[in-house]
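Trainee: The listed protein sequences derive, respectively, from chains P and X.
Take 1 as the starting number for the first sequence in my numbering and just add one per residue.
Take 1 as the starting number for the second sequence in my numbering and just add one per residue.
No lab work stands behind these hints, which were simulated from the structure alone.
C-beta atoms are modelled at their ideal positions from N, C-alpha and C, and glycine is treated no differently.
Warning: the hint list may mix true and false statements.
Here are a few chain P residues that sit away from chain X, every Cβ distance over 10 Å (derived from the structure) [to be verified]:
# : residue
1 : T8
2 : G84
3 : G127
Derived coverage of chain P by chain X (criterion: at least 3 residues anywhere in the stretch with Cβ under 8 Å from a Cβ of chain X; other residues may be distant) [claimed, not checked]:
# : stretch
4 : 9–15
5 : 87–101
Letter by letter, the chains look like this.
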Amino acid sequence: MNATMFRTELRLYFRDVAAVIFGILLAPAILAVLGSVPAFRAADPELGGRSTISIYVPIMLTMAVAMVALSMLPAQLATYRERGILRRLAATPARARDLLAAQALTQLTVLGIGVLLVLTVGWLAYGVDLPSNPTAFVLGFLLVAATLFGIGLVLATAGSAKMTQGLGSLTFFPLMFFAGLWVPREVMPETLQRIGEYTPLGAGVQVMQDATVGHWRQALHVVVLCAYAAVAWGVAARFFRWS
Amino acid sequence: MTVLEVLNLHKRYGERIAVDDVSFSVERGEIFGILGRNGAGKTTTVECVGGLRTPDRGDIRVLGLDPQRDRDRLRRILGMQLQESALQDRITVREALQLFASFYPDPARPEQLIDDLGLAGSANTAYAKLSGGQKQRLSIALALVGNPRLAILDELTTGLDPQARRDTWQLISDIRDRGVTILLVTHFMDEAERLCDRVAVIHDGRIAALDTPAGLAAKVATGQVLTFRLARPVPLDGLPGVTAVTADGDRFTVRGNDEALPAVVAELARQGLSPLGLRVEQSTLDDAFVQLTAQTSASTASASTDGVTR
Numbered sequence: 001m002n003a004t005m006f007r008t009e010l011r012l013y014f015r016d017v018a019a020v021i022f023g024i025l026l027a028p029a030i031l032a033v034l035g036s037v038p039a040f041r042a043a044d045p046e047l048g049g050r051s052t053i054s055i056y057v058p059i060m061l062t063m064a065v066a067m068v069a070l071s072m073l074p075a076q077l078a079t080y081r082e083r084g085i086l087r088r089l090a091a092t093p094a095r096a097r098d099l100l101a102a103q104a105l106t107q108l109t110v111l112g113i114g115v116l117l118v119l120t121v122g123w124l125a126y127g128v129d130l131p132s133n134p135t136a137f138v139l140g141f142l143l144v145a146a147t148l149f150g151i152g153l154v155l156a157t158a159g160s161a162k163m164t165q166g167l168g169s170l171t172f173f174p175l176m177f178f179a180g181l182w183v184p185r186e187v188m189p190e191t192l193q194r195i196g197e198y199t200p201l202g203a204g205v206q207v208m209q210d211a212t213v214g215h216w217r218q219a220l221h222v223v224v225l226c227a228y229a230a231v232a233w234g235v236a237a238r239f240f241r242w243s
Numbered sequence: 001m002t003v004l005e006v007l008n009l010h011k012r013y014g015e016r017i018a019v020d021d022v023s024f025s026v027e028r029g030e031i032f033g034i035l036g037r038n039g040a041g042k043t044t045t046v047e048c049v050g051g052l053r054t055p056d057r058g059d060i061r062v063l064g065l066d067p068q069r070d071r072d073r074l075r076r077i078l079g080m081q082l083q084e085s086a087l088q089d090r091i092t093v094r095e096a097l098q099l100f101a102s103f104y105p106d107p108a109r110p111e112q113l114i115d116d117l118g119l120a121g122s123a124n125t126a127y128a129k130l131s132g133g134q135k136q137r138l139s140i141a142l143a144l145v146g147n148p149r150l151a152i153l154d155e156l157t158t159g160l161d162p163q164a165r166r167d168t169w170q171l172i173s174d175i176r177d178r179g180v181t182i183l184l185v186t187h188f189m190d191e192a193e194r195l196c197d198r199v200a201v202i203h204d205g206r207i208a209a210l211d212t213p214a215g216l217a218a219k220v221a222t223g224q225v226l227t228f229r230l231a232r233p234v235p236l237d238g239l240p241g242v243t244a245v246t247a248d249g250d251r252f253t254v255r256g257n258d259e260a261l262p263a264v265v266a267e268l269a270r271q272g273l274s275p276l277g278l279r280v281e282q283s284t285l286d287d288a289f290v291q292l293t294a295q296t297s298a299s300t301a302s303a304s305t306d307g308v309t310r
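This is chain P alone, in the form it adopts within the complex (with noise of 0.2 Å):
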């Protein structure tokens, strides 16, 4: 681990506004959007007595690391890539790992930030428990991060910019639809949850709202995640290219 190189990436990360807005405050505005329904805000008993937002906490912080993951993380690799900063830095002795590991802390600063502004509105503004496992609810989402960046760096991996951004979007939205983020897991018909505990994002959401209701359980999930997240790390590792 390099840390000059995680602190200039990170200084340059807040440099670009747009990134900043992008990477932070999306996932809370949407769900001050999705608070601002009545409705949402009731208790449901279809879904077990809790209101639609505390369900969607959980979905939204999912969503800001599958963005963040999947668009932005590769999308910024890539660009690297074709403009030959990696090529530069190639010949350098910093190795890939350094480079990998700078670039995925930025993005979970990033991110860690996002999550807080999100449990703060939720909390607040529609009085969303917090975690009341936060333990575990730390854990899960560090294991949901660790996963879907090894994703995104696979997407990297592909080549330019324009052909990682589109993967990414295609990655995106089956597996949001698997996170809940349409159709909350809960009132899905029992093979589609069964379906989406075996994807990446399905399993994710499980493990974080099982965090927020305080309990660990559910090792499924939690060995779906790490199977994922080996296979793409290893895969990314592999296959990185500087140019």
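Given chain P, put chain X in place with the hints provided.
Mentor: Showing chain X alone in chain P's frame:
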């Protein structure tokens, strides 16, 4: 002490042979030029030396290290300035130097390089806002920030204005005086003539000649170049000492050895002509380069004189 040794280097891209049996060696403290037209194989050669490309065949040793096998150790003692590379738009000069310094075990002080390269005024300027000359100087600074033993500089002064080129040349001489060996890729003759101790001329992937700039110039058959204007065209081929004649309108260029000048003047006097605006120049590296990398000058000359006599 030999810093760099290249032996029988071959590299092809698909059907195209980029580098064909190139061998040379560079001694410590030398500025060694690699000269060639665009696409001659210069960049491929230095990228193989830098370990950025894998040669198909041949042997490269940089201070005893194999660029492929000892990639990591090579990176620490080699500084590279590359064509077609860039930095992040928003990174400042100082940040870029600090970042690159962090990659090396024993880096130069970024502030020192900022001063040495005349970047003090733009140390806090973002990369995207730097002028071409400033970018180029930053690029050189980045190649030197690791305190390299060997620096590879590719197309150093392309895109610089004349003053910036001269400043950069001075800088390269200074760097060499600190004991850094320099491999300089260029297609500018004046640059090679001014800076290089020795020059390898690469043509179609092969070394066409390897000598000091003066040695190369002297080797060219045309020891002297006469240029002058004439009131009417006269055939000057076949005069003693003349090897080539080209004509462009009324402007004549005659290449030849020391006998050429008296022979040409005598012939013109016999025909009742005097050469207008006569200039006599010793042939330069430029002439040597043209002769080594173009069609032979004899065939060019006869083609041109045909044009005149027609």
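Trainee: Does each hint hold? Answer for all of them.
Mentor: Tested hints:
1. T8: For T8/P, whose nearest Cβ neighbour in chain X is about 5 Å away, the distance does not exceed 10 Å, so it is violated.
2. G84: violated (4 Å)
3. G127: holds (40 Å)
4. 9–15: holds (count 3)
5. 87–101: holds (count 7)
Hints 1 and 2 from the earlier list are contradicted by this structure; the remaining hints agree with it.
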